[in-house]
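There are 2 protein chains.
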Amino acid sequence: MVKRNYIFDTIRKVYQSYGYQPIETPAMENSETLMGKYGDEGDRLIFKILNSGDFMDGVPPDTLDSKSLTKHISEKALRYDLTVPFARYVVQHRNDITFPFKRYQIQPVWRADRPQKGRYREFYQCDADVIGSDSLLNEVELIQIIDEVFTKLGVPVIIKINNRKILQGIAEDIGAPERVIDVATALDKLDKIGWEGVKKELDEKGFTQFQFTKLVDFIFERMTISADNKDIRILANLNALCEIPKSTESPKPEIITEGAKQLKFIWETIQSINKELSNNIEFDISLARGLNYYTGTIIEVKVDTSKCTSRFTSSICGGGRYDDLTGIFGLPNVSGVGISFGADRIYDVMEELGNRFPKDIVATSKVLVLNENSETMALSLNLIQLLHKEQISAQLYPDELNPKKRGKQKEYASKMGIPYAVSIDLTGEKNKIYKVKKVDSNEQEQSVSFYELISMIK
Amino acid sequence: MVKRNYIFDTIRKVYQSYGYQPIETPAMENSETLMGKYGDEGDRLIFKILNSGDFMDGVPPDTLDSKSLTKHISEKALRYDLTVPFARYVVQHRNDITFPFKRYQIQPVWRADRPQKGRYREFYQCDADVIGSDSLLNEVELIQIIDEVFTKLGVPVIIKINNRKILQGIAEDIGAPERVIDVATALDKLDKIGWEGVKKELDEKGFTQFQFTKLVDFIFERMTISADNKDIRILANLNALCEIPKSTESPKPEIITEGAKQLKFIWETIQSINKELSNNIEFDISLARGLNYYTGTIIEVKVDTSKCTSRFTSSICGGGRYDDLTGIFGLPNVSGVGISFGADRIYDVMEELGNRFPKDIVATSKVLVLNENSETMALSLNLIQLLHKEQISAQLYPDELNPKKRGKQKEYASKMGIPYAVSIDLTGEKNKIYKVKKVDSNEQEQSVSFYELISMIK
Numbered sequence: 026m027v028k029r030n031y032i033f034d035t036i037r038k039v040y041q042s043y044g045y046q047p048i049e050t051p052a053m054e055n056s057e058t059l060m061g062k063y064g065d066e067g068d069r070l071i072f073k074i075l076n077s078g079d080f081m082d083g084v085p086p087d088t089l090d091s092k093s094l095t096k097h098i099s100e101k102a103l104r105y106d107l108t109v110p111f112a113r114y115v116v117q118h119r120n121d122i123t124f125p126f127k128r129y130q131i132q133p134v135w136r137a138d139r140p141q142k143g144r145y146r147e148f149y150q151c152d153a154d155v156i157g158s159d160s161l162l163n164e165v166e167l168i169q170i171i172d173e174v175f176t177k178l179g180v181p182v183i184i185k186i187n188n189r190k191i192l193q194g195i196a197e198d199i200g201a202p203e204r205v206i207d208v209a210t211a212l213d214k215l216d217k218i219g220w221e222g223v224k225k226e227l228d229e230k231g232f233t234q235f236q237f238t239k240l241v242d243f244i245f246e247r248m249t250i251s252a253d254n255k256d257i258r259i260l261a262n263l264n265a266l267c268e269i270p271k272s273t274e275s276p277k278p279e280i281i282t283e284g285a286k287q288l289k290f291i292w293e294t295i296q297s298i299n300k301e302l303s304n305n306i307e308f309d310i311s312l313a314r315g316l317n318y319y320t321g322t323i324i325e326v327k328v329d330t331s332k333c334t335s336r337f338t339s340s341i342c343g344g345g346r347y348d349d350l351t352g353i354f355g356l357p358n359v360s361g362v363g364i365s366f367g368a369d370r371i372y373d374v375m376e377e378l379g380n381r382f383p384k385d386i387v388a389t390s391k392v393l394v395l396n397e398n399s400e401t402m403a404l405s406l407n408l409i410q411l412l413h414k415e416q417i418s419a420q421l422y423p424d425e426l427n428p429k430k431r432g433k434q435k436e437y438a439s440k441m442g443i444p445y446a447v448s449i450d451l452t453g454e455k456n457k458i459y460k461v462k463k464v465d466s467n468e469q470e471q472s473v474s475f476y477e478l479i480s481m482i483k
Numbered sequence: 026m027v028k029r030n031y032i033f034d035t036i037r038k039v040y041q042s043y044g045y046q047p048i049e050t051p052a053m054e055n056s057e058t059l060m061g062k063y064g065d066e067g068d069r070l071i072f073k074i075l076n077s078g079d080f081m082d083g084v085p086p087d088t089l090d091s092k093s094l095t096k097h098i099s100e101k102a103l104r105y106d107l108t109v110p111f112a113r114y115v116v117q118h119r120n121d122i123t124f125p126f127k128r129y130q131i132q133p134v135w136r137a138d139r140p141q142k143g144r145y146r147e148f149y150q151c152d153a154d155v156i157g158s159d160s161l162l163n164e165v166e167l168i169q170i171i172d173e174v175f176t177k178l179g180v181p182v183i184i185k186i187n188n189r190k191i192l193q194g195i196a197e198d199i200g201a202p203e204r205v206i207d208v209a210t211a212l213d214k215l216d217k218i219g220w221e222g223v224k225k226e227l228d229e230k231g232f233t234q235f236q237f238t239k240l241v242d243f244i245f246e247r248m249t250i251s252a253d254n255k256d257i258r259i260l261a262n263l264n265a266l267c268e269i270p271k272s273t274e275s276p277k278p279e280i281i282t283e284g285a286k287q288l289k290f291i292w293e294t295i296q297s298i299n300k301e302l303s304n305n306i307e308f309d310i311s312l313a314r315g316l317n318y319y320t321g322t323i324i325e326v327k328v329d330t331s332k333c334t335s336r337f338t339s340s341i342c343g344g345g346r347y348d349d350l351t352g353i354f355g356l357p358n359v360s361g362v363g364i365s366f367g368a369d370r371i372y373d374v375m376e377e378l379g380n381r382f383p384k385d386i387v388a389t390s391k392v393l394v395l396n397e398n399s400e401t402m403a404l405s406l407n408l409i410q411l412l413h414k415e416q417i418s419a420q421l422y423p424d425e426l427n428p429k430k431r432g433k434q435k436e437y438a439s440k441m442g443i444p445y446a447v448s449i450d451l452t453g454e455k456n457k458i459y460k461v462k463k464v465d466s467n468e469q470e471q472s473v474s475f476y477e478l479i480s481m482i483k
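For the protein sequence lines, the chains are L and R, in the order given.
If you count by my numbering, then the first sequence holds residues 26 to 483, one letter each, in order.
If you count by my numbering, then the second sequence holds residues 26 to 483, one letter each, in order.
To be clear, the hints were calculated from the coordinates, so they are not data collected in a lab.
Any given hint might turn out to be false.
The list treats identical chains as interchangeable, and a pair is accepted whether it falls inside one copy or across any two copies.
[Said to hold, decoys possible] Calculated cross-link-like contacts (lysine-lysine; reagent style DSS-like; alpha-carbon spacing at most 27 Å):
id, residue 1, residue 2
1, Lys391, Lys92
2, Lys177, Lys433
3, Lys230, Lys62
4, Lys391, Lys62
5, Lys185, Lys414
6, Lys225, Lys92
7, Lys440, Lys289
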């Protein structure tokens, strides 16, 4: 918890420094707000809440299969991400919000997935979005935020960017304009399964050999300008995509050009800022991200395994621009862009890498006040108040123990990582009524005054 | 959000200063962990999660009423409070925990109640518990914590205490030993509905006239020692309860004595601590609290309406000792005691009272950097980085606007409460390239250098 809070606090501080405001939304949304926003797989993974009371009352008698019954007995569901509830929130409060609206939100989301390493049924998302501005400077800012957060956390990353419009253009180029998600999903797997695998996947989805060949041609003709310097290569590839090729037969190459120009602007703006990014940023045409609602820039962040020993290959942060998200809820033409940090995965990576958390974040007391007997009890309680006034966290060991059993109290201090154990000693010098012992050392117990005690601890 | 976080942070800091460790548990628990722990009303108010997938598969064909169907189609439920999940957690991790285990937990809970002012379907609880120690010093500490938190929040309160053993003894005294909850619930309403109402309620529940008379006799005979000084009166009443009356016919008066002695210890210990409490603490024999699992001390906190203008009568914090809570989960004989702050209600009270939140907690940027045109864009972005390095939160207005439309950017700054608007001006003196304007003042825009800018803002 203490370590996870450190991750949240790091993200929160960076968000706040860029002017993002905190909001929270309820865990439960109306089912119709969520259903259909994340694809079929998403719908299946949404946790539904059973209606309260006699939920079967009024259900038509023959409604016995799970699917049709669900609508009758469940009206609410747990949020699946923070973006859709945020869109609902923006539409609902549109008259009270000052646009552009920059908000951040750090809350858990729930998915009915099979739990496994790096994938949990309940996990936190840490989102920031800007809504009501189509300036690409928002993308630039979000990339700066990503860079700053991972630099502070000590996790080297690769920030991959792409633009959904390029993918849309490719889908149109190969004559499958309606199937941008299928093309994107297949291309997204290029890294993992290679062209063979992509071909197989497209075959299964009913794409033709001709369409596959056009796809391969496109990528090889327009995307493989080689250059030793990576940055130069990326810019060259983007420039190539910005040109409308003369030989093209595709119906709408302008979309590709538009997407490429947006990416080029982001790329060049980041280069122009005095402060260089600490992490690598890459243009990756095979980057798609599964979510339906992205329409422009797409961002995905992975651990840079060339710079550290992590074997973590999943995305630990991602985002993108969506032009139509609030349209579903009745507020069209409002463009937004956002990112989301996967705090639980980041936690796993930091644990895997080791030594990424500051040493002093463990939340424990500085002092354990030992409770010898009823005679010294009031003085012990009083000491705690005095220490608190000096901003020193201190707790009483609550169970009374005679001095012979003092070992158990010290064992508690040791296990809890509390550095000092203090007891009251009325038999010593008049003003030295405190006996202090450094818990995990062999040093002798010392009789001290209150001021000596304070200076020792501070 | 910003105000609520202030309440959470205040509570969190006090908890931590007393050595409580943070934990969190998942929102969903197995239904059998929660059901039966909060009485029939509680069971009804627990939100149940519909099983994923084809939940009707395998359900016996005639299972059509809501109650019997629930068991088949719902295995998980949303937590109803933080105490029961904590008990489950303690039992599950008993081998890794160092006892006494002091933990705090700040998370939302869910109840299928009709939403109304001061009662929400999702609300935060802020709990602290000590488990594995039966020392009454834990109660003393928790009362100190309550006092410290409300003092810091500026809300005057009355801290009422009682002991469930006294109520248990009364129930036995009137010959209804199994019905302590009914007696307690009726007595709990004494304040609101008077003796007439209590009689009616006990009538309805099947208590006899004889039992009611015994109850009235008990309260009047042993609880109404009058004295002008409230503290003296309380101590006198406690002392009276500590004595075993000679004339009694009750089967087990020792329970009352035991409870009264515990209360007296807590009362006297608090009096003995040098630092006086800021808030009033009262012994209230009609205090019961609804929850089944309390067995010793009971604590309830209400706004002290004699010291402020609040009309808020609900409990805003409460707690107590439970000797058997982990027993249900297979770990008997572990005593615990805890408290819970109702942050949402505290928020409402603080809003009602006004001026309770510090003025500087609003999370906004200090500086809005105006985005004039593409020529100055890189310098604008660079300025944000420079300000961040000086720990000054700053954001860019993302949409490019020509200087004539600058009003929109300043309007944004004003609405968001951002005090300074800065733009880049390449036409001025060489090192004074920043133009700064105090947003909500009539002062002229000034041309300044970076260092002049920093010193103005700081």
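A quick look at each hint next to the structure:
no.	hint	result
1	Lys391 <-> Lys92	neither (57 Å within a copy, 52 Å between copies)
2	Lys177 <-> Lys433	neither (40 Å within a copy, 34 Å between copies)
3	Lys230 <-> Lys62	within (21 Å within a copy, 51 Å between copies)
4	Lys391 <-> Lys62	neither (50 Å within a copy, 37 Å between copies)
5	Lys185 <-> Lys414	between (50 Å within a copy, 26 Å between copies)
6	Lys225 <-> Lys92	neither (31 Å within a copy, 49 Å between copies)
7	Lys440 <-> Lys289	neither (56 Å within a copy, 33 Å between copies)
The structure is inconsistent with the numbered hints 1, 2, 4, 6 and 7, although it conforms to all the rest.
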